[in-house]
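Protein chains in written order, with numbering that gives the first Met the number 0: chain A, 0 to 218; chain B, 0 to 100.
Source of the hints: derived by calculation from the structure; they are not laboratory data. Just so it is clear, CB atoms sit at the ideal spot from N, CA and C, and this is done for glycine as well. Certain hints may be false.
Straight-line Cα separation of at most 20 Å, EDC-like style, residue types lysine to aspartate or glutamate; simulated pairs [unchecked claim]:
#, chain 1, residue 1, chain 2, residue 2
1, B, 5, B, 51
2, B, 21, B, 54
3, B, 5, B, 28
4, B, 37, B, 49
5, B, 21, A, 75
6, B, 22, A, 2
7, B, 5, B, 80
8, A, 140, B, 49
9, A, 140, B, 51
10, B, 21, B, 73
11, A, 211, A, 117
12, A, 209, A, 154
13, B, 37, B, 80
14, A, 140, A, 154
15, B, 22, B, 54
16, B, 22, A, 154
17, B, 22, B, 80
18, B, 22, A, 213
19, B, 21, A, 2
20, B, 5, B, 31
21, A, 140, B, 73
22, A, 140, A, 45
23, B, 57, B, 80
24, A, 4, A, 75
25, A, 86, A, 154
26, A, 140, A, 152
27, A, 140, A, 2
28, B, 57, A, 2
29, B, 57, B, 9
30, A, 140, B, 54
Stretches of chain A that chain B covers, calculated by requiring three or more beta carbons in the stretch to come under 8 Å of a beta carbon on chain B [unchecked claim]:
#, region
31, 52-65
32, 132-141
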Amino acid sequence: MIDRKTLWILWLFIAATAAAAIWRLSLLPDWTQVPFPAGRDGPHTEHGLWLFVTPLCILLMLALAWGTQRLVSGPDAAMQAHQRNSKLVLLGTGVIATLMQGFVIGRSLGYGNGVDGDVLSRGVIVLVAILIMIQGNSMPKLPWISSRFPAFDLDPWQQVRSRRFAGRMSIAFGLAMIAAALLLPVSIVPFLVMALALSYLGVIVWHALKVKREPSPAP
Amino acid sequence: MNLVFKALSDPTRRQILQLLRKKPMNAGELAEHFAIAKSTLSAHFAILREADLIEAHKSGTVITYMLKASVLEDALLSFADTVGIGLPKPTPLRKAKGHAK
Chain A
0 MIDRKTLWIL WLFIAATAAA AIWRLSLLPD WTQVPFPAGR DGPHTEHGLW LFVTPLCILL
60 MLALAWGTQR LVSGPDAAMQ AHQRNSKLVL LGTGVIATLM QGFVIGRSLG YGNGVDGDVL
120 SRGVIVLVAI LIMIQGNSMP KLPWISSRFP AFDLDPWQQV RSRRFAGRMS IAFGLAMIAA
180 ALLLPVSIVP FLVMALALSY LGVIVWHALK VKREPSPAP
Chain B
0 MNLVFKALSD PTRRQILQLL RKKPMNAGEL AEHFAIAKST LSAHFAILRE ADLIEAHKSG
60 TVITYMLKAS VLEDALLSFA DTVGIGLPKP TPLRKAKGHA K
């Protein structure tokens with residue numbers, strides 16, 4: 000769910016991060032080899048396409064938010080409440096991703112070598128986890144909207160149950176992300192977070208389908 | 000947040016929320032679980048609505064209440080119930096024995 004203003008701001012982030020990547024690559028004799036003068040493993044090079052991961056991630060996030068909005072319908076007030084709830088995570092993640100792109104490009108130019116990349120990565124994961132938990136906390140308070148998918152078109156009570164579960168799962172997912180970011184080696188954290196995210200989405204979808212099959216008490 | 004704490008500090012209101020956790024109920028169904036006047040119960044509903052912990056749907060003359068607590072508020076409800084905030088203090092054993100005599 001995304002409102003028009005957030006949509007434009009995210010497009011701006013995509014344009015800025017993509018433009019920064021193109022600019023950095025235009026300075027190089029071979030765009031496939033981006034030099035990093037310092038890092039965990041000392042001086043090294045990365046493929047130029049890696050610089051486009053950030054704009055693609057923001058684009059994916061925007062597409063998901065926009066796609067979700069196309070699949071639901073409801074009164075304007077309810078839709079706006081859902082958009083407000085998603086806004087924090089969308090904008091927060093967009094800002095963090097844009098800053099990270101700035102950091103990576105700066106590092107390839109030889110700036111910010113004193114900053115510990117591992118600590119920064121851990122900090123970013125913790126920040127994103129906090130944003131997810133804030134959004135998840137208020138999920139059960141969101142008003143009812145109907146889905147265009149019959150399998151997910153829950154009645155108000157079923158939706159309350161589904162949202163309550165999704166909210167709890169968001170808190171659990173956020174806490175697991177924080178624990179992984181603080182306790183595990185940075186090299187395995189992204190894979191673990193991805194596995195956790197897939198399980199989180201899978202469990203929420205499974206629960207929604209389960210709730211849909213159960214009889215709902217007459218309001 | 001003050002309104003939420005105020006709402007959760009009363010055992011009757013917590014019991015209402017616990018009942019609404021199971022399913023949405025109308026005022027009459029909820030009243031069956033309490034031996035208090037309907038006007039007092041209405042005051043409890045008003046406080047819970049003010050704290051945004053429940054929402055009311057009116058269809059005809061029947062008002063149906065539904066739980067609308069965030070994850071944190073739900074956790075606070077469980078905590079307040081476990082600790083027994085707002086419950087009358089248990090009578091000390093010696094005093095109770097004295098009364099029995």
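Going through the hints against the structure:
no. : hint             : verdict
1   : B:5 with B:51    : holds, 12 Å
2   : B:21 with B:54   : holds, 15 Å
3   : B:5 with B:28    : violated, 24 Å
4   : B:37 with B:49   : holds, 18 Å
5   : B:21 with A:75   : violated, 29 Å
6   : B:22 with A:2    : violated, 32 Å
7   : B:5 with B:80    : holds, 14 Å
8   : A:140 with B:49  : holds, 14 Å
9   : A:140 with B:51  : holds, 8 Å
10  : B:21 with B:73   : holds, 13 Å
11  : A:211 with A:117 : violated, 43 Å
12  : A:209 with A:154 : holds, 13 Å
13  : B:37 with B:80   : violated, 23 Å
14  : A:140 with A:154 : holds, 15 Å
15  : B:22 with B:54   : holds, 13 Å
16  : B:22 with A:154  : holds, 13 Å
17  : B:22 with B:80   : holds, 19 Å
18  : B:22 with A:213  : holds, 13 Å
19  : B:21 with A:2    : violated, 34 Å
20  : B:5 with B:31    : violated, 24 Å
21  : A:140 with B:73  : holds, 11 Å
22  : A:140 with A:45  : violated, 45 Å
23  : B:57 with B:80   : violated, 29 Å
24  : A:4 with A:75    : holds, 16 Å
25  : A:86 with A:154  : violated, 25 Å
26  : A:140 with A:152 : holds, 18 Å
27  : A:140 with A:2   : holds, 19 Å
28  : B:57 with A:2    : violated, 30 Å
29  : B:57 with B:9    : violated, 25 Å
30  : A:140 with B:54  : holds, 9 Å
31  : 52-65            : violated (count 0)
32  : 132-141          : holds (count 6)
Of the numbered hints given earlier, the model fails hints 3, 5, 6, 11, 13, 19, 20, 22, 23, 25, 28, 29, 31; all others are met.
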